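Participant: Read off the chains here:
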Amino acid sequence: MTNHWVDIKNTDVVLIMGGNAAEAHPCGFKWVTEAKAHHRAKLIVVDPRYTRSASVADLYVPIRAGTDIAFLGGVINYLLANDAIQHEYVVNYTDFTFIVREDFSFQDGLYSGYDPAKGRYDKTSWDYERGKDGFVATDPTLKHPRCVYNLMKQHYARYTPELVERTCGSPREKFLEACKLLASTATPTRAATIMYALGWTQHSIGSQMIRTGAMVQLLLGNIGVSGGGMNALRGHSNIQGLTDLGLMANLLPGYLTLPNEAEQGYEDYIAARAPKPLRPNQLNYWQNYNKFFVSLMKAWWGDAATKENNWGYDYLPKLDKPYDMLAAYELMLNGKMNGYVCQGFNPLASAPNKAKMTAAFSKLKFMIVMDPLATETSEFWQNHGEFNDVDPEKIETEVIRLPTTCFAEEDGALVNSGRWLQWHWKGADPPGEARTDLEIMSDLYLKLRSLYQAEGGAYPDPVLKLAWPYAHSGEASAEELAREYSGRALEDLSDPKDPTKVIRKAGEQLAGFGELRDDGTTLSGCWIYCGAWTQAGNLMARRDNSDPTGIGQTLNWAWAWPANRRVMYNRASCDPAGRPYNPALKLIAWNGKSWGGADVPDYKVDEDPSENMGPFIMNPEGVARFFSRGGLVDGPFPEHYEPFESPLGYNPLHPNDSRAVQNPAARIYPDDRKALGKAEAFPCVATTYRLTEHFHFWTKHALLNAIVQPQQFVELGEVHAKELGVKAGEMVKVSSNRGSIKAVAVVTKRIRPLTIEGKPVHTVGVPIHWGFTGLTKGYLANTLTPVVGDANVQTPEYKCFLVKVERA
Amino acid sequence: MALQSLDIIRRSATKTPSPAARGPVPAEVAKLIDTSKCIGCKACQVACMEWNDLRDQVGTCDGTYNNPTDLTAQSWTVMRFAEYENPQGDLEWLIRKDGCMHCADPGCLKACPAPGAIVQYANGIVDFHEEHCIGCGYCIAGCPFNIPRISRRDHKAYKCTLCSDRVAVGLEPACVKACPTGAITFGTKERMKVDAEERIADLKSRGFEQAGLYDPIGVGGTHVMYVLHHADQPGLYSGLALNPHISRTVRLWKGVVKPLALGALALAALVGFFNYIVAGPKEVGPEDEEAARKEQEKAHG
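Quick note, the sequences are listed as chains A and B, same order. Under our numbering, the very last position in the first sequence is 808; numbers go up by exactly one each time. Under our numbering, the very last position in the second sequence is 1109; numbers go up by exactly one each time.
Hints were generated in silico from the structure; no laboratory data involved. Owing to the predicted nature of the structure, the values given are computational and were not obtained by experimental measurement. Quick reminder that beta carbons are idealized off the backbone N, C-alpha and C, glycines included. Be careful, since some hints might not be right.
Listed below are the simulated DSSO-like cross-link pairs for lysine-lysine, each with C-alpha atoms no more than 27 angstroms apart in a straight line [said to hold, decoys possible]:
| id | chain 1 | residue 1 | chain 2 | residue 2 |
| --- | --- | --- | --- | --- |
| 1 | A | K180 | B | K1001 |
| 2 | A | K586 | A | K604 |
| 3 | A | K447 | A | K505 |
| 4 | A | K307 | A | K336 |
| 5 | B | K1012 | B | K1001 |
| 6 | A | K174 | B | K1012 |
| 7 | A | K749 | B | K1012 |
| 8 | B | K985 | A | K426 |
| 9 | A | K307 | A | K174 |
| 10 | A | K733 | A | K674 |
Covered by chain A, according to a simulated footprint, are these stretches of chain B (three or more residues, beta-carbon under 8 angstroms) [claimed, not checked]:
| id | segment |
| --- | --- |
| 11 | 849–855 |
| 12 | 926–936 |
| 13 | 961–970 |
| 14 | 1042–1056 |
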């Protein structure tokens, strides 16, 4: 989230799209209820199904799964065509006035630089034009045909209400009603919030869907303000912490990135990540990349990270190819990855195309599963009748199950959607032989280290030299690791302005990432968490909920990254002179000498507003981007492409361009492409989702949850069910080109047939929570789903695929 | 369960005077369920099961979100989901938390023939004291909302206690504590009515012109009240009664007929007694023995 849960109470309009907050985030949803009850907020829900969120909405708009960019592009078109934008905001705080390179183009559904053989773009032309001073050329009059404003206007002019209606199936008057409500927040004193979740991420164009939402918010001046923002509802606890700490194959903690194979040189690696400012006098915060990186290396390798060995850069693996989840399973299937440590993850249930997963796991030599529960993954080789019909005799994979504690049986911090690190304390001893993940990992490391010590190896240094300063070497404690990721001074740190003054003594915890150095004198395991544990102690454990301004800014409750800031980009809540746009919800303001207020300023604290430093300090241009340059691999402006399994088989925006049906930059492996189904055989659009009563594949193991949602079901619209001759409560079989499941039919008015390009299309709802272990059993929903991910981050396309439904 | 420190003002099937020494008399309490804030998450159902140590069967899906599908002796509250297409053609999903309404004039208590099995406290809560329950099921017939259920395990009647054990020590009912959206609130009945007014005004401003409070007078008002978007059509909410009242049979039985019937019973006993005194015990003759033997043979066929 750019904002935080409590801040949602300050909003005037809530758009829930690509998520179902009431269903999946009922506790956080209380702030929507609060906004409605005491801030007269209006709630819009856009979803293929009339959901629990819709049940308390002022406006529900149906949409075909996977067409969110068409819808939001339509909103952008509406806002631009009706001039419902916050002018001062977009001109000063975004790239509206920036001029784009002449060789940039968009034709036949493709951006300039496309290589059809590789299925990739060369992004060189996706950039701003530079002036003679080396900075970006701009046109404050907005007349230049290639300024971002005009390009955007032209790009989205195609997204008419008529196109929205026939592409998304959203009735025109409902769509326009949503546009009007959103447009009402283009004034400085009103704000809209967008709440989204996996309904936007789990698409082959997921990243671009989220960008389109952000563009709507920027046009309305709703980013950085109280009651506004782009608010990702993080589901799995602690998934925000997972991303922050870089638990992805290509990430390092704090959104630093692993080098590629080509980046053997440390200087080149840093230079590529610490950009030069694109406009004069910009904070350009990523210029400090090296400080974050060196401090991380000191946390990992301690004294062994020296200037001579590039602070341990040489110890880091350099990526030869992507190792995302989908790539890893492809490698397993091809016998190129034969061991798997599966920690806190149930991929047989959670990854797409169960048949492929079973085949991939069957090729492994060994699989180690660390989990509090007996997961489906750990029993993938067992025959569980129709729910998991495998032949154990033909599977040779050795599976080792290491029972772990669950969150209530250990100390630590969980990071919520609002980026708050909230410390929690162990509530109970674990059962049986369960051990904490920290204990298991520590043990594993020590054993590996002794093996390397005894037997050597090709390159043992990164393992042997890892810093291991923990009091009990067999189990690093949560407190020790928290102090480490927050960070401390390794030597006395002097004031850069006055070298005679020591601002931090050696060994002291740092106050924040502003104190990090690139000379090896500081240590921090995750720079964005720096300041979570200071000399004052564990700030994550704070529980003071006083709210002095009454707008939900409880700065002494836990600790939020970055720098305990609760609303990101909050400089944009003030006009260029530093006066709050909405004084009733003032976050910060300029008092003539410094910035301050109800939040920690996201800005240089003593920067005079007249100096024109932009509010988006992480960007080298200091402003937010409508034109994302090379930020994403699939285009600088979001464009609607059909899901990989499309009921149309063509893109209504480019009906004659076969290369622009699906995201041209998405990766799909040949076998997975072959496994795609066509609308002739599988005419319905299915979408998977979660239910309030269950949490993923865990709570089917818990009696109370099993009681309140006891049996696997799928949801069919009344019209669809009538066509099939199915009554509520009867069994149906749902099949995709990859497999089929059987479940009870919930027949509902809440799913209506959509008219897409003149033809009726049925939506089928597939809740995910069942599997072959637990108190209530069923089929894994991912038996049905296709293996193709978002072009940028490879999140699988679980939200729209083709199925057929039959009586079972 | 009789563990409360709450003063009883009424007990079933008894005329024993209620305790009256303690004061001040507590205010009447109420639970306010705002259907316009409810998202049907069932946290209340789970909290109810946890607090009251109830575990229903892991059932089946009947093709709706209702689960368990009905109230049982193990499920004292359930969410009922109703899909309604309004006259504008828009869909509404009306979700109602069903359970005991804690009537001011409780039909269950009136109908109950077991002394002290059903009580009403000074704060308005209607509670079942199962140790006195004889499992006759009259409370079910007496309830205008079809709430009590007889347990198959012990043949006694169960229903929501409004967490009288929690309320007695100053806590809110478990469902109220668990509700994530604030759809269920608890306090004095007076306060809940004030809160309801604010909600009703909000709903009216959003086009629900018939929004209102459900506190039906037919049962003297209730200590569980609903804010409804369509207060004129409570039936839309999975058949919530429009004008609930205690059934005529129960009213007649407990009102006019019961004293008469009791009188008739007493008269019969008296006549029997005098008959015994005057005529002596009835003797069994050989014809009677023979008739009984034949009856028995017939029965065993």
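Participant: Determine for every hint whether it applies to the structure shown.
Facilitator: Evaluated hints:
Taking the CA atoms of A/K180 and B/K1001, the gap is about 35 angstroms. The hint is violated against a cut of 27 angstroms. Between A/K586 and A/K604 the CA atoms are separated by roughly 18 angstroms; this keeps the pair inside 27 angstroms, and the hint holds. Only pairs whose Cα atoms come within 27 angstroms are accepted, and A/K447 paired with A/K505 is rejected, the gap being roughly 35 angstroms. Restraint check for A/K307 and A/K336: not satisfied, since their Cα atoms lie roughly 36 angstroms apart, outside the 27 angstroms limit.
Taking the CA atoms of B/K1012 and B/K1001, the gap is near 16 angstroms; set against the 27 angstroms cutoff, the hint holds. With a CA separation close to 21 angstroms, the supplied pair A/K174 and B/K1012 stays within the 27 angstroms bound. The hinted pair formed by A/K749 and B/K1012 meets the criterion: a straight-line CA distance of about 25 angstroms does not exceed 27 angstroms. At roughly 23 angstroms between alpha-carbon atoms, B/K985 and A/K426 fall within 27 angstroms of each other, so this suggested pair holds.
The suggested pairing of A/K307 with A/K174 is violated, with an alpha-carbon distance near 62 angstroms, which exceeds 27 angstroms. At most 27 angstroms may separate the alpha-carbon atoms for a hinted pair to count; A/K733 and A/K674 meet this at roughly 22 angstroms. Check on the segment 849–855 of chain B: 5 of its residues sit with their Cβ under 8 angstroms from a Cβ of chain A, so the three-residue criterion for coverage holds. Requiring three or more residues with a Cβ within less than 8 angstroms of a Cβ of chain A, the coverage given for the segment 926–936 of chain B is violated, as only 0 such residues are present.
Coverage of a stretch by a chain is defined here by at least three residues with a beta carbon nearer than 8 angstroms to that chain's beta carbons; for the segment 961–970 of chain B and chain A the count is 0, and the condition is violated. Coverage of the segment 1042–1056 of chain B by chain A is violated. Counting CB-CB distances below 8 angstroms, 0 residues qualify, and the rule asks for three or more.
Of the hints listed earlier, those the structure fails to meet are numbers 1, 3, 4, 9, 12, 13 and 14, in rising order.
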